[in-house]
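Enquirer: Residues per chain are reported as follows:
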Amino acid sequence: MSDPSSESAAGRSHIAYRAISGVGSITRDQASRLVSILSFVGGVTYLFYDALVWAFRGVFQSRIRFGWPALVHQMVRVGVRSISIVFLVQIFIGMILALQMAPTLQSYGQLERVADVVGIAVVRELGPLLTGIVLSGFAGASIAAEIGAMVEAEEIKALRAHALNPVRFLVTPRVLATAGMIVVLTVMADYIGVFGGFLTSVFILDVPPSLYVNLTLDALKMTDFVTGLVKACVFGAVIALIACYEGLNVSGGAEGVGRATTATVVKSIVALIGIDAMFTAVFYALGI
Amino acid sequence: MASARGSATDLAISVRDVVKEFPTGDGGVIRVLDGVTFDIRRGETLVIMGGSGCGKSTLLNCLIGEYSVNGGHILFFTKNMREPADIALMDEDGLNELRKRYGILFQSGALFGSMTLAENVALPLIEHSYVDASIIDIVVTLKLQQVKMLAHRNKMPSQLSGGQKKRAGLARATALDPEILFYDEPSAGLDPVTSAAIDELMMDLSRKLRVTSVVVTHEMDSAFRIADRMVMLDKGRVLKIGDRCEFERIRDADPGTLDGRDERLMHQFLRGASEGPITDADGMTEFEKLIIAGE
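Chains A and G are the protein sequences, given in the same order. For the first sequence, this note's numbering gives the first residue as 1, with consecutive numbering after it. For the second sequence, this note's numbering gives the first residue as 289, with consecutive numbering after it.
Quick caveat, the hints were computed from the structure, so don't treat them as lab data. Be aware that a few hints might be false.
[As the list claims (entries may be wrong)] Quick list of in silico lysine-lysine cross-link-like pairs, DSSO-like style, CA-CA up to 27 Å: (1) G:K523 <-> A:K157; (2) A:K221 <-> G:K436; (3) G:K388 <-> G:K367; (4) G:K436 <-> G:K496; (5) G:K443 <-> A:K221; (6) G:K388 <-> G:K496; (7) G:K443 <-> A:K157; (8) G:K367 <-> G:K496; (9) G:K443 <-> G:K367; (10) G:K523 <-> A:K221; (11) G:K443 <-> G:K388.
Values in this document were obtained by computation on a predicted structure and should not be read as measured data.
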């Protein structure tokens, strides 16, 4: 017969072993996740630096062509084709915002102040953020899929083999086009969002049209527009960089392209909200 | 550093003790090329062959500067250069200068999908030649004529068959009049007739342009049609390098007369036999097993 005390000691040491190995396994998994996050952030940052260097070389070195046709093509693709979807999203957001705020403002007898709320929320926050989110699904996914398919078809390898830098040819025009066009789209989104709030306020909440317009103009300052547009520009660059990074790192055929597309949308949205939070904190601290 | 078999001026490329390793998922490394050494003579067509996982595609990627090597040297003896250029020691700018002197035909053709054939062929010229657009147009016409694709100049790559894509890829590869042409599995995925036509085109270009051709393939009919010399790789090492007739002798030999495992392995490969040293799992490297398993 075995000694019960030695059996319980063995049981305790087994539990301790499992606990320690469990903690070790969790630590290793978390460390590996941290390494992959750092490698992703580092990779995207380096890509940004590289894209910027090629943009400057294209502008200032006569030996290197800037690639205006590629830039214009990407601007049309990213910007013009997104107008209808941005229009649709923003008009509904303006309408929803007005309807959501109406009961609370009515209880204070300030129903017409819905114009202030819609104006500031759309111009400072929802215009740039939602345009960014729409673009990450619309343009970001498409850029990642396109570049990923090029990797799989050996087109990126072919570019390098012809002494042509893929960052210069593919990343720089996409980053510049997305960063530029999102600003234009955000200006449109701001107007359309406010217009959505106007429609709801005038036709459902019975706010006089002239009062709505005057209150909106009084509430909004130029800094509201500018901060929104600065954020939008950064959002655009981040979406394009993440999409290009994911596309360039595709492996595993069609499945890999699908993974890159999904990863682009998810990572872009997380990044946009994180960056938005940082911007908001900085603007708040600066009193802007 | 020149080969004992010829002076440096006879050489196009000298591969010396090249080692290439890849990291494995468990923190280790896998050695895919293990001290590969051979020379490529100017003007010849050299076929690099071997079974799946033997390292031939890795070797091609090292030759074109796509992969950096972990050891050894790859020397390019290009015209108008006093010293050979060692690809292992080059930075990106140096590599790009060298890349303008060679052309590559990729397995899929690798045409840029957003451009027409003419734009594909024109791109290297526009970026590197700095000549007038009308001259570029003439060169593009000539290059497409050379590969019998002029009638398709305004088509997009998606409108072409596999063989046509390879022809167009070849026109782009020769756009800058390269000294060396690399071919990655030029016959892969083609029917025998189209494959023979591509081989004929490659030989025609070699003759007319007097380029050195380096072909990676495992299509034996094609290899014996186009090769001046052949290199057989196995487990990341050079098993044999020699003239085509030496390989023909091994292919056609009675198995009983073959000397040692290496010759039996080459005999099996060259004849495409299902049994022999290659398919003996005990003799496979871990890398070969991964490739065979499709991982």
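Enquirer: Which of the numbered hints are not met once you compare them with the structure shown?
Expert: 2, 5, 9 and 10
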